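*Asks:* Please construct the entire structure, taking both the sequences and the accompanying hints into account.
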Amino acid sequence: MAVQEQNAWAMLVTAMVGVGVYLTLLLINLDGSSISTVAYQPLMLWTIGGAIVIGIAASILIAIRANVAGEREKPDQRDREIERFAVSVGQAFLVIGGVAALLMALAEWEWFWIANALYFGFALSGILEGVSKVTAYRRGIPW
Amino acid sequence: MVKPTKVTNHIRALRFAHEEMTQAELGERIGMTRQTVIAIEQGRYAPSLETAFRIAKVFDVSLHEVFQYTEGEPA
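Those protein sequences? They're chains E and R, same order as listed.
Each residue of the first sequence is one higher than the last, beginning at 12 in the working numbering.
Each residue of the second sequence is one higher than the last, beginning at 12 in the working numbering.
Quick caveat, the hints were computed from the structure, so don't treat them as lab data.
One thing to keep in mind: the hints can contain errors.
[Stated by the list, open to error] Which chain R residues face chain E? A few, computed with CB under 10 angstroms, are given here:
1) G38
2) Q53
3) G54
4) Y56
5) P58
6) T62
[What the hints assert, rightly or not] The following residues of chain E were derived to be distant from chain R, with all beta-carbon distances above 10 angstroms:
7) A21
8) A68
9) A74
10) R76
11) R95
12) V106
[Claimed, not checked] Only pairs whose alpha carbons sit at most 30 angstroms apart, straight line, appear in this in silico DSS-like list of lysine-lysine:
13) R:K68 to R:K17
14) E:K85 to R:K68
15) E:K85 to R:K17
Quantities reported herein were computed from a predicted structural model and do not represent experimental measurements.
Backbone N, C-alpha and C define an ideal beta-carbon position, used for all residues, glycine too.
*Replies:* In structure tokens form, the structure reads like this:
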């Protein structure tokens with residue numbers, strides 16, 4: 012498996028685990044009242060920060076392992092095409108999250124919903140980007 | 012599973028005909044990774060025209076002797 016594909020898997024798993032942990036912590040902290048009353052800020056910041064740190068650590072470990080095994084190769088044209096394809100697919104959720112947050116702000120919804128619309132827009136964008144990359148590496152770019 | 016390209020090739024046969032050239036060696040000569048050479052061989056990636064010409068040049072054959080375009084369903 013190419014280093015770039017390994018990084019795509021690491022990004023995908025990290026994003027999925029990050030969302031899973033955040034949702035779990037949110038539900039654990041639910042005290043019977045509305046979900047929007049949960050103190051989501053520290054949970055969101057810690058899971059975002061944790062995902063970033065784990066993502067960086069994973070890519071460093073993948074690079075070290077590839078160097079030791081002599082498998083490190085520069086990204087080529089195919090890697091760049093897959094990157095472009097995955098980013099363009101992932102951007103759809105960024106736009107959806109951004110528009111949803113804008114509409115919620117205009118309608119003066121609680122900050123909880125606005126922050127979470129943006130969070131899930133970013134998170135789902137990352138997951139979709141990861142899925143697109145892995146699929147493109149496994150099956151080819153669908154164009 | 013639908014293959015994303017209708018371009019088929021004889022790279023594997025050409026590699027063996029050229030002193031069993033490895034995928035890594037071909038990749039090095041055309042400026043691509045071994046993974047990309049594997050993807051091209053398996054029909055999972057259609058290379059650019061320039062890369063296709065580079066591959067043909069490595070084997071010293073015409074483009075048509077390396078790549079074929081299959082009408083209808085991909086091979």
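*Asks:* Quick one, are K68 of chain R and K17 of chain R close enough, alpha carbons at most 30 angstroms?
*Replies:* Given pair K68 of chain R, K17 of chain R holds - Cα atoms ~22 angstroms apart, limit 30 angstroms.
*Asks:* Should the interface hint for T62 of chain R be scored as holding, given a Cβ-Cβ cut-off of 10 angstroms against chain E?
*Replies:* 7 angstroms, holds
*Asks:* Hint check: is the beta carbon of G38 of chain R less than 10 angstroms from a beta carbon of chain E?
*Replies:* 8 angstroms, holds
*Asks:* Does the claim that R76 of chain E lies outside the interface with chain R hold up, using a Cβ gap greater than 10 angstroms?
*Replies:* 16 angstroms, holds
*Asks:* Are all C-beta atoms of chain R more than 10 angstroms from that of A21 of chain E?
*Replies:* Per Cβ check, A21 of chain E is outside 10 angstroms of chain R; nearest 17 angstroms; holds.
*Asks:* Check the non-interface label on R95 of chain E: least C-beta distance to chain R beyond 10 angstroms or not.
*Replies:* 14 angstroms, holds
*Asks:* So is A74 of chain E really clear of chain R, every C-beta pair being over 10 angstroms apart?
*Replies:* Consistent with the label, A74 of chain E stays out of reach of chain R, its closest Cβ about 15 angstroms off (over 10 angstroms).
*Asks:* Would you settle whether the hint for Q53 of chain R is holds or violated, based on the nearest Cβ-Cβ distance to chain E being less than 10 angstroms?
*Replies:* 9 angstroms, holds
*Asks:* Holds or violated: the hint that Y56 of chain R contacts chain E, with Cβ atoms closer than 10 angstroms.
*Replies:* 5 angstroms, holds
*Asks:* Against chain E, with CB atoms and a cut of 10 angstroms, does the hint on G54 of chain R hold up?
*Replies:* Check passed: Cβ of G54 of chain R comes within 8 angstroms of chain E, closer than 10 angstroms.
*Asks:* For the restraint on P58 of chain R, tell me whether the closest CB of chain E is nearer than 10 angstroms.
*Replies:* Holds: closest Cβ of chain E sits about 8 angstroms from P58 of chain R, inside 10 angstroms.
*Asks:* Minimum Cβ separation between A68 of chain E and chain R greater than 10 angstroms?
*Replies:* Nearest chain R Cβ is 24 angstroms from A68 of chain E, so the label holds.
When held up to the earlier numbered hints, the structure conflicts with none and fits them all.
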